[in-house]
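For the sequence shown, counting from 1, position 35 maps to 35 in this note's numbering; every step adds exactly one.
Hints in this document: simulated from the structure, not taken from any laboratory.
These numbers were taken from a predicted model, which means no experiment stands behind them.
Mixed in with the good hints, there may be bad ones.
Stated by the list, open to error - Mimicking DSS-like on lysine-lysine, the simulated pairs with C-alpha atoms at most 30 Å apart in a straight line are:
| id | residue 1 | residue 2 |
| --- | --- | --- |
| 1 | K56 | K11 |
| 2 | K56 | K85 |
| 3 | K11 | K85 |
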Amino acid sequence: MRSNRGFRMAKGVELVGRQGASYEMQVSIPLDDEGFLGRQCPECSLLFRMDAAQYKALPDDLTLWCVYCGHQADHSEFITAQQRKRLRRAASDLGMQIVTRELDRAFRGLSSSGSRHGFVSVRHESRPFHPRPLPGIDEERLTRVRTCPGCQNRYAVFGEHRFCPVCGHLPASSVAFDALDADMARARCAGCSTAQRQSRLA
């Protein structure tokens, strides 16, 4: 737990700015063991991953492509369900403390201006806020890592796909080769254990 501008936030959350009643915060998103960041298509809901170091270097106004269905949208629209849950927890913790802070101010004002002859007695007790740890990221491991022949960005997919997440349409030869490679991998893995399948598909 850490203190950010008077608020108690979970590890991985940092308040970086404020404008009026609006706050800006940064929430860390854990990567997988290979350093890839999860992305989820807002249209078909399928998952893929992108090399986090390369992703960070891309333009802020980046339009992403779904590697499977080709849907295009702002990169912020490709947040995964588990990442969204993590962000909502951080926003909820901040919102709870903002409301509590405003209630404290309101009741302090009532106490100072209250009348001893009033008929209503209102009591408010403020308690320290203790944020819960943010939800972790435990998304299904994607075993097929590919590099776009055009932009050289690395990404990981479940299986056959037709698009690069950064530059879009892949060359027909790349699509055909990847489909053949996927079929051969499935054939080799027929009858394998789950661990063996993951190892051979990589």
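Hints and how they fare:
no., hint, in the structure
1, K56 <-> K11, "holds (21 Å)"
2, K56 <-> K85, "holds (21 Å)"
3, K11 <-> K85, "holds (15 Å)"
Checked against the numbered hints given earlier, the structure satisfies every one of them.
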